[in-house]
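Asks: Read top to bottom, the protein sequences are chains P and H.
Here the first sequence stands for residues -13 to 206, numbered as in this note's numbering.
Here the second sequence stands for residues 159 to 255, numbered as in this note's numbering.
Among the hints, a few may not be true.
Here are a few chain P residues that face chain H, going by a calculated C-beta distance under 7 Å [what the hints assert, rightly or not]:
| hint | residue |
| --- | --- |
| 1 | Ser(-1) |
| 2 | Ile3 |
| 3 | Met6 |
| 4 | Lys9 |
| 5 | Ile39 |
| 6 | Thr72 |
| 7 | Ala100 |
What the hints contain is simulated information worked out from the structure, not anything from laboratory work.
Just so it is clear, the structure is predicted and the values come from calculations on it, not from any experiment.
Glycine residues also receive a C-beta, built at the ideal position from the N, C-alpha and C atoms.
Now for the letters of each chain:
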Amino acid sequence: MAAEEKVLTEKESLELISQMINKAKNSYHDSGIGPILWGSVIALCSLVTFFQIRYNFKLPFDIWFLTLIAIVPQIFIVSREKKKNTVRSYDDITMDYVWTSFGIGIFILIFINANIISHMKPVLQTYYEIKGTRPEFNYSSFSTSFFLLLYGFPTIITGGCMKMKPMLYGGIICWVAAVVSVYTKIEWDMLLTALAAICAWLIPGILMWKRNKKRLANNV
Amino acid sequence: MFKELDPILHSQLRLAVVSLLISVKEAEFTFLKEKTNSTAGNLSVQINKLKDAGYIEVTKQFSNNYPQTICKITPAGIDAFELYVKALQSYMNPTAQ
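Can you make the complete structure from the sequences, with help from the hints?
Replies: Structure, rendered in structure tokens:
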């Protein structure tokens, strides 16, 4: 911008304001690394669980512990991106709230599910003692539906507000999978979870990563 | 009756800076420099004028051993910007007043 004391006409002032607001509006950029990480981890855990149930084997550890381990690189990615960003937009703040509340929500859901399962154990035991057979009902199968429902919320909000259509469609797939999983057994629920993670996070994440790489190359 | 235009905002670079800051929570000096296509010296002078008028808040800190200047619009800056836009509108569309 040249001479700062240049006298602006009213029209020029309004044009400058709208030009700058537009420039600032496009300042939200996601590198896509976070969605790639979580899409891969959730898909991997779900697929391994599917194969464990399907082929009746057990790993010496719970594969879902990978989700806890993945928090470490996630913290590293977030702090690195925050350091790199030269601007903090209102969209950044909204996204921080949406995804942090989602992360906390997942832990609350795990806590609620663990409590329901522990309260149901004696009921199911009594059923077994009276009937002599194990009941058909398996709460874990329904808990997958709650997780898929929860996956859909931040994904749809992000996809819709940030105009990332693949993520919006991915979020809708999470909700469709949540409904379908009510009628399917736990092993198929795991396949639905893997599909949801790939569609909601992994594929949109790869697209965002490519778009961001292209943007950075154009800026240089 | 035409409203008077705020002389602090009625300058190309200062108006550009305030228009950028009104749209974001906070921005680094480098972001403002890139978006306004200005020189560091000129931008620095104009930022100081906005700061002295109480329209923006400037925080200086270090990140990875590099100095970092973060600018943020103040409530007074938001009010001044809104008044400025209203005044501009009165010039553009005097019959609406």
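Asks: Which of the stated hints cannot be reconciled with the structure, identified by number in ascending sequence?
Replies: 5, 7
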